[in-house]
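K.L.:
Residues per chain, in single letters:
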Amino acid sequence: MTPLSTLALPLADPIAQPAPTWLLWTLLLVTFFLHVLPMNVVLGGSIIAAVARWRGRHGHAPSAALAGTLARALPTAVAATVTLGVAALLFAQVLYGRALFASSVLMAAYWLAVVPLLVLAYYGTYVVSYKGDRPGPWPLVSSVVALLFMTIAFIYANNMSLAQRPDTLAAAYQADARGLHLALGDPALLPRYLHLVLSAVAVAGLFVALLGVRRRQREPRQAEWLMRHGGLWCGAATALNLVAGSWWLLALPRPTIVHFMSHVPAVALFAGVASGMVVAGLALAASFAKDPLSLVRATAATLVLTLLLMVVSRDQLRVISLGDAGFTRNDWVEPQWPLTLLFLVLFTAALGTMSWMVRALYRTARPTD
Amino acid sequence: MNYPIWDLPSSGLLIAGIAILHVFISHFAVGGGLFLVLAERRARRTGDAEFLGYVIRHSRFFVLLTLVLGAVTGVGIWFTIGLVHPAGTSSLIQTWMWVWAIEWTFFATEIAAALVYYYGWHRLDPATHLAVGWVYFWSAWLSLFAINGILTFMLTPGAWVTTRSLLDGFFNPTFWPSLVARTAGAAGLAGVYALVTAAWERDPTLRARVSRFAALGWILPMAVVLPAALVWYLAAAAGAGVPVAALLGARSGTATGILRALLSGADSGQPITRFAGMLMIWASLTCLALVLAAQWQRLRRAPRAIALAIAACALVTLGGAEWVREGLRKPYVIGQFMFVNGVRLPAPAPVHALAGAHAARVAQDPFDLAHLSRAGVLTAARWTRPASDALQGLDRTLHDGSEVYRLLCASCHSVDHYNAVRPLVRGRPVEALDGMLARLATPAAATGGPGEWTDPAVRLVTWRDRAMPPFAGTDGERRALAVYLASLGGATRESLEAKPAVADPGVAFFEANCAMCHGVDGQWPMAGRPRRDAAAFYELLGALPRINELMPEFTGSEAERRAVAAHLAVLTGHGSTPAPTTPALEIPR
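Chain order of the listed sequences is G and U. Take the first sequence: its letter number 45 is residue 45 in my numbering, and every next letter is one higher. Here my numbering runs 1000 ahead of the position in the second sequence, where the first position is 1.
Since the hints were derived computationally from the structure, they do not count as laboratory data. Treat each hint with caution, since some may be false.
Computed spacing ranges between beta-carbons, pair by pair [what the hints assert, rightly or not]: (1) G:Leu184 <-> U:Pro1525: 36 to 42 Å; (2) G:Thr26 <-> U:Ala1127: 53 to 59 Å; (3) G:Leu342 <-> U:Leu1206: 41 to 47 Å.
A few chain U residues that don't get close to chain G, going by computed Cβ distances all over 10 Å [what the hints assert, rightly or not]: (4) Leu1206; (5) Ala1245; (6) Thr1492.
None of the values given here were measured: they were computed from a predicted structure. Glycine included, every Cβ here is placed at the ideal spot set by N, Cα and C.
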């Protein structure tokens, strides 16, 4: 009998990659960036909404109003998150599928649990949206919804951690193949998750502040409170995130850090950290300013830039981690340009159609929105 | 074997459960969109405020079901197939990436349109609102159009097998009949769901009007179009080489032949696929009968229970149909490209040429049947659990056999649960199992004669039409798997360790080639059959497929034929002593 093989990363399929790597990489980063915007609003927004609902229950009227506004926004934000996440996962699977499929199988039970957890959380947002204005245990329900989204985020953080450490998968698979592994032994998991949640809170805080910008004509007092309150969430979370992010970086394997820091993409990380510091300063300033409007706008612009830089940094860290583990990209590339063109045309048409529909809806927006 | 394997009993059921739930909702998402715009247009044209009120309430149900459960279970299927069939999923993603991406543009537009349609009831003017409804429907239908191309490709890849042209793969032989069937099914489901929401309307007159509109305008037309489309679909699949009649246990591939086989039972065919087909037929007939009965009684009695029963029957019908489709595709996960266990067919010659500078990647695919048979599955697999050096002898063989089982069999079979293997091997000797494994599937040419795996038009001849992939591995690995299966079937260590006695060649041949069906624990044991002498059995052995078309030709030597005939005579009690014999059967010519 032949000896059993040693474990290794999966091999590339004997199928050509249907687009150049640079194009797939661009599409991955664009769709992932578009995905993280609503995803952060959902995750961070559900946390802020739960807190606001408890405060509203104790008589704080602006918080009660904020909870209602977020409740109405969250179902649509979840829909956008799921929809944009599909595209990002597609391109990620084409580029890194061999690592992602393997890590997903190792934690299959938890990975699949994302589906029922998301269904529960999604319906939870609709229930609170429809019934939250009536008496009921809505602070508790909102908290459960936030916990569900935090659990899903934890599962994602585990899978992305496992996928970046294929060197650890072999031993785990030898020990148990029931799909019950998490990346709990990875010292980078906790700071990674903390970084993820704090980023979400920061973006959702900015979203709250922007709600204030939008309502400053109709409800000036509530709008001002929203800008300050959102600015505080955003600034505090970003300041804490500078610590969490540093912790994450230091918790990575030493060779990975050295390799990453010696490459050009490290510039994106340093620029992102600097930009994050500016976000924290601007947002905290907005939370105490007499007229926070311009500060909120500046925070928004800087935060978008920070997110972009962090998305690039995250991707390059993955490229370096996988490369160090022996992952090589598919060198058989045969671009399917006619289909690429068709996709771009349909994508543009979809954006145009969506824009037309949303503009039609908001042209006749109700005064309360 | 390129990927780790999730040790989950009945993983196929997991896919089926999520997929059927998703399909039941996603088809409603398509047909229901058309229902909403046509119902809204009718209500607005006739100024029927009550009917419009119903459409608005129905749209809320529609959004809550399709946007949440429909969309998330769609992602759920993707997650699940990635966990259960990562190799197949990876191939589909790499091959169809741009079609998935294009489908995503429709999906994104569909989701946005559904939200704007729902939130726009009181905010958009009627013309714009209807226009958004049409955007929704066409996006949803185009999403179905794209996915239908990939789903049908998995069953009948057509000329793609040699050209690798996406157009050939997309517009494959079953594309159009499947598209018509799915569109009709989506329209019918829209009617079924409308019956459900109508049953919750308080006004009995409105309830009756909506249910009549749903039954006569949506369900009954589907009841005419759908069966015709399914017949077209099955004929197209059969024309593309899918052994439809054989898998369903039918003597002919005609609609009546298949119906007769499904409704009256048959010994051959793939049992689960046949059961799913039978379930589909009975559930659809029950569904139709309930729809008609409800119309006659106008839902006066227990409208909600009747509506839910109709929906349940529709779910079973759709589930059965999807199961049949999956069953027809077996043992492939991607037709003529990859088997359900991740083993690929050796690429046909034109593909080597198409690969150009990367021809070596195709020619030296470590996971194709030819390489696995030479190198061994345990050597090629990237994710196996190695045996410790301390394991020797039978323990080592059992370990290797269990690993081969995980790599090649566990994607469909559990040991004791769904598609359980233990009852199938109970009491079977190693030789019988080894012989059966050797002939799980053999290649045949499209004309019916012996074929080659590299033939682009290769057909599968599978053991008793059970739709199993061929064994991929070395003879030693096949033997180890047979030993492991025999141990699952209750063989003792002593019997597994015992060296096979130098047996009578007739006994040895019978054990290796006939005992799975005709042994002591087989479905048709020889013991107790009419006694015949060796000469009579000798004649019968020369005409096995004519006695029963499921039996293969006798391929042994002349000496083996005589020895087997003598052994069969002993098994039927004729023995070596002269005794009155039953005349040989008249062999059909």
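K.L.:
None of the hints should be skipped; say for each whether it holds.
P.N.:
Hint check results:
G:Leu184 and U:Pro1525 have their C-beta atoms about 55 Å apart, which leaves the hinted 36 to 42 Å range violated. At roughly 39 Å, the beta-carbon separation of G:Thr26 and U:Ala1127 lies outside the given 53 to 59 Å, and the hint is violated. Take G:Leu342 and U:Leu1206: their Cβ atoms lie about 45 Å apart, and the range 41 to 47 Å holds. With a least CB separation of 23 Å from chain G, U:Leu1206 remains clear of the 10 Å interface cut-off, as annotated.
Against the 10 Å criterion, U:Ala1245 stays outside the reach of chain G, whose nearest CB is about 33 Å from its own CB. Listed as outside the interface, U:Thr1492 is consistent with that label: its C-beta sits roughly 22 Å from the nearest C-beta of chain G, beyond the 10 Å cut-off.
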